[in-house]
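Colleague: These protein sequence lines map, in sequence, to chains A and B. 1 is the number of the first residue of the first sequence in our numbering; add one for each residue after it. 1 is the number of the first residue of the second sequence in our numbering; add one for each residue after it.
Treat the hints with care, as some may be off.
[What the hints assert, rightly or not] Far from chain B, by Cβ distances over 10 Å, these chain A residues were calculated:
1) Ser38
2) Leu91
3) Ile129
4) Gly139
5) Ala193
6) Ile204
7) Phe215
[As the list claims (entries may be wrong)] According to the in silico footprint, chain A covers these stretches of chain B (three or more CB under 8 Å from chain A):
8) 48-56
9) 72-79
10) 87-99
11) 103-116
Since the hints were derived computationally from the structure, they do not count as laboratory data. For every residue, glycine included, the Cβ atom is placed at its ideal position computed from N, Cα and C.
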Amino acid sequence: MIDPLIWRATRAIFLRELRSELRNRQALNAVALFAICSVVTVSLGLGPLMPSADVALVHAAFLWIVLLFAAFTALARVFVVEEEQRTAAALRLAAPPIAVYLGKLCFNLVLLLGLTILVTILAIVMLHIRVGASDLLIGMLLSGSLALVAGTTLVAAIIARSSSRGALFAVLSLPILIPMLVTAVRGTAMALAGVNWERGMAPIQTLLAYAVAMFVTSLFLFATVWE
Amino acid sequence: MQALELTHITLDYGRRRVLHDLSLQVTTGQVVVVTGSNGSGKSTLLRVIAGLQRPTAGAVWCIADTVRYAPLQMRHAIGWMAPDLMLYRELTGHENLRFFADVRGFTITDTAIAELLCEVGLEGRGGDLLATYSSGMTHRLRYAYALLHQPALLLLDEPSVMLDATGHDLLARVVARQRQHGMTIIATNDERERRFADVLVALEVAI
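Next up, chain A with everything else stripped away, as it sits in the complex (with noise of 0.2 Å):
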């Protein structure tokens, strides 16, 4: 049981920081024009690819590979954003290292499915990609969101001190990733195909079980890293 003092405070830094984005946009405009960039860049290049047996797994390596690169540039944020602007000393020193954690992870998720929803309505339109199953997408995708989230969060906190941050955060996070960005791309391709739930909840169950390994280790690592 979680002291209430604890959903209090990952409240309230949750909120504090989106009213913060909601009033600088600088996370939102980044992750925005990145991922609008990236789609029309795509399909202005390619266009629309022909039907073939590998079209669905090329169309869900191309959204996971936006949604990673929008997330290098966007979630590692949370942190550095505190230490650059000097604010980290006065959380530190008010907020439980837990709070601090639940609340930059409930705001990375928010901000990764906004743009997980912006990125796949814009390549399904500009690439007419024909999505097979489209409820086993919006799992996959929610997923896999989920998944990403809790890979790059305990991440971002670790970079945040160092001085070559964004380079730093893509080669600690690249390897930590790789499992669950296979899976995503997989069951990803297999909703895009039109498989049934039968068959997709295979890489759902397998990210959700990534993304609780990942949490339960962040729990456990933040204050160390935090502190």
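Let chain A serve as the given structure and place chain B on it in line with the hints.
Modeller: Then chain B, alone, in the frame of chain A:
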């Protein structure tokens, strides 16, 4: 929290020793003033006491009911302000204080926040974004941040820097009230602020 104990604190930045074997005991009601030239480790010492920086050797203990706690375990009892402490520029002064009350887990009314802002000299400016504050006003908001939860241990680093002529009066009021229920440690070289001291700690730049 009734007392603070520093035992053999040593802190190195790489090969340079900043603090060397510093021990100190502070009890409720006492005011400690830490002085020393630039680079002597005054601000570093306050950060170590707050738990924001780990010493190379030695320990800081916050003592409550005869039990010893590390500083970050007693974060609810420590108030810290320093010129390099930054609050959220995209929030108003009032929103900043509301946020820090929420993350500290206590309830505070809008009236109490307004009174605190008034006390630190920010009457009527609580609704303005911090980004629009002058450096002096930002420093006054740091006082409010440090005093918000009525800490048992108040750490003030260069408390009147950036403040106008009324800044010293604000500090005098804060120190007088803190004497009644807690401990205060001030890092300063200001002659007027030295006069608050019950205990004076003079740091020297290590060669």
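Colleague: All the hints need checking, so say for each whether the structure fits it.
Modeller: Structure-based check of each hint:
Listed as a non-interface residue, Ser38(A) keeps its Cβ farther than 10 Å from every Cβ of chain B; the least gap is roughly 28 Å. Interface exclusion of Leu91(A) from chain B breaks down, the closest Cβ pair being 7 Å apart, not more than 10 Å. At roughly 37 Å, the least C-beta separation between Ile129(A) and chain B is larger than 10 Å, which holds for a residue marked as non-interface. Every beta carbon of chain B lies more than 10 Å from that of Gly139(A), the smallest distance being close to 34 Å; the non-interface claim holds.
Non-interface status of Ala193(A) relative to chain B is upheld: no Cβ of that chain comes within 10 Å, the nearest being about 45 Å off. The claim that Ile204(A) lies off the interface holds: its Cβ sits roughly 34 Å from the closest Cβ of chain B, which is beyond the 10 Å cut-off. Phe215(A), annotated as away from the interface, keeps every beta carbon of chain B farther than 10 Å; the closest lies near 21 Å. Only residues whose beta carbon comes within less than 8 Å of a beta carbon in chain A count, and the stretch 48-56 of chain B has 3; three or more means the coverage holds.
Residues of the stretch 72-79 of chain B lying with their CB closer than 8 Å to a CB of chain A number 3, which satisfies the three-residue condition for coverage. Given as covered by chain A, the stretch 87-99 of chain B passes the check, having 7 residues with a CB less than 8 Å from a CB of that chain where 3 are the minimum. Given a C-beta distance limit of less than 8 Å, the hint that chain A covers the stretch 103-116 of chain B holds, as 3 residues qualify and 3 suffice.
In this structure, only the earlier hint numbered 2 is contradicted, and the remaining ones agree with it.
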